[in-house]
Amino acid sequence: PHPPPPPPPPAAASTISRASFTENADRRPSELRRARRTQEKRIVGGDPAPVGRYDFLASLSVLPYADPTRGAPAHQCTGSLVAPDVVITSAHCVGMFDVIELGRYSLDDTAMSPLGDGDFERFWPDEQVSHPRYFDLSDEFAFDVAVIKVYGVSSLSPVELNRDPSVPAVAGRSVYAAGWGKQSYDGSTSSVPNDVELKYIPNDVCRMAEGEVNNGASSMTYEKFIAPSMICAWDEGEDACQGDSGAPLMIVSEE
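Taking full-length UniProt numbering, the leading residue of the sequence shown gets 1, the next gets one more, and so forth.
Keep in mind that a hint or two might mislead.
What the hints assert, rightly or not - Straight-line alpha carbon distances no greater than 20 Å define the calculated EDC-like cross-link-like pairs of lysine to aspartate or glutamate that follow:
id : residue 1 : residue 2
1  : K149      : D126
2  : K199      : E254
3  : K149      : E197
4  : K199      : D235
5  : K149      : E160
6  : K149      : D164
7  : K199      : D85
8  : K199      : D164
FYI, nobody ran anything at the bench for these hints, they're computed from the structure.
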């Protein structure tokens, strides 16, 4: 286990101006509820997202063990800024990170940020609240969502939360996943966020679909694993591979 971080500061460590975001930053998808079953972090079959497209993405990271003031934090989970001081992520990510970084693009090269000058925001978590019906030892990972309040206020634009339980009602509608993580089961972790277009699948169809387990060693249906609180999405050769540990599943706003 790593040592606890020093006492949190009253505000973020740096300031970001929205004036420098790229032209892609005006793409504002609405976030949907997420289905997450494992802590594996990968976007499979996706492409690197342009700088600034998902400036609401948060990297939930662990500080270096030896000296929290030196070295880059290690990315653990992804989250989404939904209010100036609120991030949502998966409940199973609670307790796995020390700091929350916003406005970060490359986890290796800080110069690759939406600002272009290496600036980004770092916050300390204040309150962390998991869904009351989430159980950490559950096989289904139902209600796997948590709300995190941070110390300070972000200057970035939050993503709009979907509040319509009927969305996305049409089977085959495009949804999008984005986050940092491995691009294949045994591949290396991506240093920049990748995104992928998937298709929405109704839960009753998803429950009867067959999927591989143990890296393809056997096949089974998802009948026992798809809870009503989850949502299914899939496409041939492209997937969030059961989640990017807290990463959003999104639709493009029609407004």
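So, going through the hints one by one against the coordinates:
For the proposed pair K149 and D126, the alpha carbon gap of about 5 Å is at most 20 Å, so the pair holds. The suggested pairing of K199 with E254 holds, with an alpha-carbon distance near 17 Å, which does not exceed 20 Å. Of the pairs offered as hints, the one joining K149 and E197 is violated, with about 29 Å between alpha carbons and a cut-off of 20 Å exceeded. As the CA atoms of K199 and D235 are separated by approximately 6 Å, the hinted pair is consistent with the 20 Å bound.
Simply put, K149 and E160 have alpha-carbon atoms about 17 Å apart, close enough for the 20 Å limit, and the pair holds. Between K149 and D164 the CA atoms are separated by roughly 24 Å; this puts the pair beyond 20 Å, and the hint is violated. In summary, the hint linking K199 to D85 is not supported, as the alpha carbons are separated by about 31 Å, beyond the 20 Å threshold. Straight-line distance between C-alpha atoms of K199 and D164 comes to about 18 Å, which keeps the hinted pair within the 20 Å bound.
Violated hints, listed in ascending order, are 3, 6 and 7; each of the other numbered hints is respected by the structure.
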